[in-house]
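J.: One letter stands for each residue in the lines below.
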Amino acid sequence: DAGVTQSPTHLIKTRGQQVTLRCSPKSGHDTVSWYQQALGQGPQFIFQYYEEEERQRGNFPDRFSGHQFPNYSSELNVNALLLGDSALYLCASSLKGTGNTEAFFGQGTRLTVV
Amino acid sequence: GDSVTQMEGPVTLSEEAFLTINCTYTATGYPSLFWYVQYPGEGLQLLLKATKADDKGSNKGFEATYRKETTSFHLEKGSVQVSDSAVYFCALSDQGDTDKLIFGTGTRLQVFP
Chain A
1 DAGVTQSPTH LIKTRGQQVT LRCSPKSGHD TVSWYQQALG QGPQFIFQYY
51 EEEERQRGNF PDRFSGHQFP NYSSELNVNA LLLGDSALYL CASSLKGTGN
101 TEAFFGQGTR LTVV
Chain B
1 GDSVTQMEGP VTLSEEAFLT INCTYTATGY PSLFWYVQYP GEGLQLLLKA
51 TKADDKGSNK GFEATYRKET TSFHLEKGSV QVSDSAVYFC ALSDQGDTDK
101 LIFGTGTRLQ VFP
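Line by line, the protein sequences give chains A and B. Take the first sequence: its position 47, counting from 1, is numbered 47 in our numbering, and each next residue is one higher. Take the second sequence: its position 85, counting from 1, is numbered 85 in our numbering, and each next residue is one higher.
Honestly, the hints are just simulated from the structure, not real lab data. Since the model is a prediction, treat every value here as computed from it, not as a measurement. Mixed in with the good hints, there may be bad ones.
As the list claims (entries may be wrong) - Capping the alpha-carbon separation at 30 Å, the derived lysine-lysine pairs in DSBU-like fashion look like this:
hint, chain 1, residue 1, chain 2, residue 2
1, B, K60, A, K13
2, A, K26, B, K60
3, A, K13, B, K52
4, B, K77, B, K56
5, B, K56, A, K13
6, A, K13, A, K26
7, A, K96, A, K13
8, B, K68, B, K52
9, B, K68, A, K96
10, B, K77, B, K60
11, B, K77, B, K52
12, A, K13, B, K68
13, B, K77, A, K13
14, B, K68, B, K56
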């Protein structure tokens with residue numbers, strides 16, 4: 001079992017550009033959540049996808065958008081990048097309807113905006 | 001809204017010392033509580049969890065007890081090792097439909113030989 005995989009691992013973008021990050025959930029999981037972890041901070045919830053729909057959204061602007069595919073994998077898109085978007089972006093997968101079970105995290109994508 | 005507060009780090013200990021990292025939470029319902037660990041350059045790994053009051057989560061020598069009366073979930077280990085050096089995050093699981101995680105700011109633990 002490969003667990004949660006994210007790509008790319010590192011990315012450098014210029015302010016104003018757009019970026020797409022990808023996540024494949026752990027085998028058997030159907031729900032993907034995205035988190036942003038700024039340097040020295042705890043992860044902050046961006047949004048969650050289940051059944052190819054956004055189920056809940058954290059306090060992030062519309063520049064952040066996502067998608068979930070029929071195979072449960074997911075993408076996070078960020079438009080009009082700002083310097084403040086530089087962070088580690090973490091994907092977590094889980095299985096819906098199982099109550100308070102653990103979320104498995106990927107290694108993250110380190111995004112640097114210059 | 002729900003929130004988690006952790007003691008600030010870094011926490012610096014010698015090998016075999018006793019570890020406590022304090023965590024308190026604010027929640028309107030009855031959340032599940034978690035400790036995650038992040039090693040340098042890596043993502044988060046679940047260390048332990050507790051889903052209801054008075055539950056004790058344990059793993060790899062680490063323990064934490066869900067204390068509803070003090071809204072706390074302090075992490076303890078009797079004898080730390082150099083390999084325990086990492087950042088530790090306390091988190092609660094939102095009781096809404098998404099079970100999203102709300103994290104504290106993290107506590108860096110440094111263990112020296």
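J.: Does each hint hold? Answer for all of them.
T.: Status of each hint after checking the structure:
With a C-alpha separation of about 39 Å, the suggested pair B:K60 and A:K13 falls outside the 30 Å cut-off, and the hint is violated. For the hint linking A:K26 to B:K60, the alpha-carbon distance of about 23 Å falls within 30 Å, and the restraint holds. Proposed proximity of A:K13 and B:K52 is contradicted: the alpha carbons are some 44 Å apart, above 30 Å. As the CA atoms of B:K77 and B:K56 are separated by approximately 13 Å, the hinted pair is consistent with the 30 Å bound.
This hinted pair does not check out: B:K56 and A:K13 have alpha carbons roughly 44 Å apart, beyond 30 Å. Pair hint A:K13 plus A:K26 holds up; C-alpha atoms about 28 Å apart against a cutoff of 30 Å. Only pairs whose Cα atoms come within 30 Å are accepted, and A:K96 paired with A:K13 is rejected, the gap being roughly 34 Å. At most 30 Å may separate the alpha-carbon atoms for a hinted pair to count; B:K68 and B:K52 meet this at roughly 8 Å.
A distance of roughly 26 Å separates the Cα atoms of B:K68 and A:K96; the hinted pair therefore holds under the 30 Å criterion. For the suggested pair B:K77 and B:K60, the alpha carbons sit about 9 Å apart, so the restraint of at most 30 Å is met. For the proposed pair B:K77 and B:K52, the alpha carbon gap of about 21 Å is at most 30 Å, so the pair holds. This hinted pair does not check out: A:K13 and B:K68 have alpha carbons roughly 45 Å apart, beyond 30 Å.
Distance check on the hinted pair: B:K77 and A:K13 sit about 41 Å apart at the alpha-carbon level, beyond 30 Å; violated. Of the pairs offered as hints, the one joining B:K68 and B:K56 holds, with about 12 Å between alpha carbons and a cut-off of 30 Å not exceeded.
Of the numbered hints listed earlier, those contradicted by the structure are 1, 3, 5, 7, 12 and 13.
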